[in-house]
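**Student:** Chain P is already provided as a structure; the job is to place chain V on it using the hints.
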Amino acid sequence: MKTSRGQKVVLFLIVLFIGFISVYPMIWMFFSSFKSGEQILGGGVGLLPDSWHPENYGIVFERAPFAKYFLNSLGTTLVIMLIQLVTSALIAYAIAEFKFKGKFIVTAIIAAMYMVPSDITYIPGYIILSNAGLNDSLVGYVLSNAANLFMIFLFAQGFRNSSHSVIEAARVDGLSEWSILWRVVIPMNKNLVIIGAITSFIANFNSYRWPNILLTSPDNYMIQQGLSIFSTSQGSFVEMFPVTMAASVLTLIPCLLVYSTLSKYFIGTMSASTVKG
Amino acid sequence: MGVKAKWQHVLIFVLVPILPILIFWLLPTFIAFWLSFTDWDYISPNFDYVWFENYVDLLTSSQFLDALMQTFTFAFLTVVPTLILSFIIALSLSKLAKTSSLLRNLIFSPYVTPTVAMSIVFSWLFNPNVGPVSKIFLFFGQEAPTWSTQQPWATLLITIVTLWQTVGYSSIFYADAISRIPKDLFEVADIEGLTNWQRLKHIYIPMVVPTTILLTVMQTITALQAYEQIDVLTQGGPSGSTRTLLYLYYELGFERFDMGEATALAMVLLVISLLLSYAIVRINRRVV
Chain P
-5 MKTSRGQKVV
5 LFLIVLFIGF
15 ISVYPMIWMF
25 FSSFKSGEQI
35 LGGGVGLLPD
45 SWHPENYGIV
55 FERAPFAKYF
65 LNSLGTTLVI
75 MLIQLVTSAL
85 IAYAIAEFKF
95 KGKFIVTAII
105 AAMYMVPSDI
115 TYIPGYIILS
125 NAGLNDSLVG
135 YVLSNAANLF
145 MIFLFAQGFR
155 NSSHSVIEAA
165 RVDGLSEWSI
175 LWRVVIPMNK
185 NLVIIGAITS
195 FIANFNSYRW
205 PNILLTSPDN
215 YMIQQGLSIF
225 STSQGSFVEM
235 FPVTMAASVL
245 TLIPCLLVYS
255 TLSKYFIGTM
265 SASTVKG
Chain V
2 MGVKAKWQHV
12 LIFVLVPILP
22 ILIFWLLPTF
32 IAFWLSFTDW
42 DYISPNFDYV
52 WFENYVDLLT
62 SSQFLDALMQ
72 TFTFAFLTVV
82 PTLILSFIIA
92 LSLSKLAKTS
102 SLLRNLIFSP
112 YVTPTVAMSI
122 VFSWLFNPNV
132 GPVSKIFLFF
142 GQEAPTWSTQ
152 QPWATLLITI
162 VTLWQTVGYS
172 SIFYADAISR
182 IPKDLFEVAD
192 IEGLTNWQRL
202 KHIYIPMVVP
212 TTILLTVMQT
222 ITALQAYEQI
232 DVLTQGGPSG
242 STRTLLYLYY
252 ELGFERFDMG
262 EATALAMVLL
272 VISLLLSYAI
282 VRINRRVV
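From first to last, the protein sequence lines stand for chains P and V. Per the numbering used here, the first sequence starts with residue -5, numbered consecutively. Per the numbering used here, the second sequence starts with residue 2, numbered consecutively.
Honestly, the hints are just simulated from the structure, not real lab data. Everything numeric in this text was worked out from a predicted model, so none of it was measured. Check the hints yourself; a few may be wrong.
With a Cα cut of at most 27 angstroms, we get these calculated DSS-like pairs of lysine-lysine [stated by the list, open to error]: (1) P/K95 to V/K5; (2) P/K97 to V/K7; (3) V/K96 to V/K184.
A few chain P positions that, by computed beta-carbon distances, are all more than 10 angstroms from chain V [stated by the list, open to error]: (4) E32; (5) D44; (6) F64; (7) G69; (8) S131; (9) S156; (10) D167; (11) D213; (12) S227.
Don't be surprised by glycine CBs; every beta carbon is placed ideally from N, CA and C.
The shape of chain P in the complex, shown without the other chains (with noise of 0.2 angstroms):
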């Protein structure tokens, strides 16, 4: 017995209107922030605005410095995604291709670490990178994000599994360990690195509150720490929403943009390395 006709529709109508509401917020965020704050005030609630003010734009940059916190988010999470990517790749090939003194050590502290909820590191975190003259600053807010627990169990799993008579084929020839990592286990494992990759950006360009504890003079504000505030200072006056929303979008843009170029490595590859994990 197959799936009729009739109750595909009836499917479809259901995920139909699932994917509605997933993206509804965000349509209609990106078309409030085009809005007029009399319409707001006149309670006009429809989705499209009756005029388009793109101006609202232009006042999210006078009103704050976007601009900063927007480089400030882009410029550190390329960077922490960079370091991730070597320091992941690092450690889950020493994992998964030598034996070395202290290697169940160094396993089991990855291990125990991955099931620490990060929060519980960030008071003691705060005091170490003070200590070092670190504390609110972006480079302190790098190193402090230089390595990642998730990234390290998937490219150890995904390295584990990559052809091993590649790898010792390779060596014959006489390539070094470094080499072998990066110019033969690498690109076995692209769609790894890409997953990789993608979850640290995301990770990083939407995280709140370990910056809001470090970083505290308003030149080293995250944008989501600069959103916040926007939100809190500004958004408290109805007519200001439109504005609060045009912040918002820009918030979201990067890891839309992001995730929709690169989603179809992702979708397939997450569940399947998660759960088996």
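**Tutor:** Just chain V, lined up with the frame of chain P:
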């Protein structure tokens, strides 16, 4: 397994990358444990050892017990709809192979959005005066509630934001589980002439039980780590009724500067997380 590493290899491949884990994960965990026995106030350099006082104060405070209850209530409120909705999405998409790619991406997309920004958006979507949701209430002749200041609306609002962000992500796990159901089960079902309802009851639901358990634990962890939506929408209110354990941790630490009690609470969170992680490991062992 593997080749014997030279010392240079150990230095570059192991010691360099493990340093940030030691400095920013392992050491902080021990420092937090140590701080939980002190009365440090975050600002002054002086502190005294109070040993188990923080733990006694915390575990006997009504605030902690309330937050513990609210955390698990919130977890329960998000777990059940997540399971039902993500299962429906995954099952429907599995039947709609051709049209599903774009829809699948749309349904997943909330997961990549920043919680701070989306919570702000939801605060306006649900605004009693100008939000579109208030129009739905008006349509039914009701006055829209002021969501963030009255119960049960405040808890409901936080639950809705959380569900909106995670249901699509959870459905991937069910989609994966459904695609792994052996095809011959369906052949048997064809021969036996099972109805769709019987297939659901005897094939789909029992075959995805491990995923259901896994998602239950994962969603509980998500609830345990929820913070931004609470901070933006209710600040733990009205009168502390949406304050979860993590929210209380930040309040104790950064509003009351009671680092001893905050880190004592951190240790409670650690124990709960370890139990949940242990559950995940056990489930995975059974699945694979």
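**Student:** Next, verify each hint and record whether it holds.
**Tutor:** Do the hints match the structure? See the list:
Using a Cα cut-off of 27 angstroms, the hinted pair P/K95 and V/K5 holds, with the two alpha carbons roughly 9 angstroms apart. The straight-line distance between the Cα atoms of P/K97 and V/K7 is roughly 13 angstroms, inside the 27 angstroms bound, and the hint therefore holds. Of the pairs offered as hints, the one joining V/K96 and V/K184 holds, with about 14 angstroms between alpha carbons and a cut-off of 27 angstroms not exceeded. The Cβ of P/E32 lies farther than 10 angstroms from every Cβ of chain V, with a closest approach of about 12 angstroms, so its non-interface assignment holds.
At roughly 14 angstroms, the least C-beta separation between P/D44 and chain V is larger than 10 angstroms, which holds for a residue marked as non-interface. With a cut of 10 angstroms on Cβ distances, P/F64 stays outside the contact zone with chain V, its closest approach being about 13 angstroms. No Cβ of chain V approaches the Cβ of P/G69 within 10 angstroms, the least distance being about 17 angstroms, so the stated non-interface status holds. For P/S131, the non-interface assignment is confirmed: its Cβ lies about 14 angstroms from the closest Cβ of chain V, beyond the 10 angstroms cut-off.
For P/S156, the requirement that its beta carbon stay farther than 10 angstroms from each beta carbon of chain V is met, with the minimum near 13 angstroms. Under the 10 angstroms C-beta cut-off, the non-interface status given to P/D167 relative to chain V holds; the minimum distance is some 15 angstroms. Against chain V, the non-interface label of P/D213 holds: every CB pair exceeds 10 angstroms, the least being about 20 angstroms. Remark: the non-interface label on P/S227 is consistent with the geometry, its nearest Cβ contact in chain V lying 13 angstroms away (cut-off 10 angstroms).
Violation of the numbered hints given earlier is absent; every hint is satisfied by the structure.
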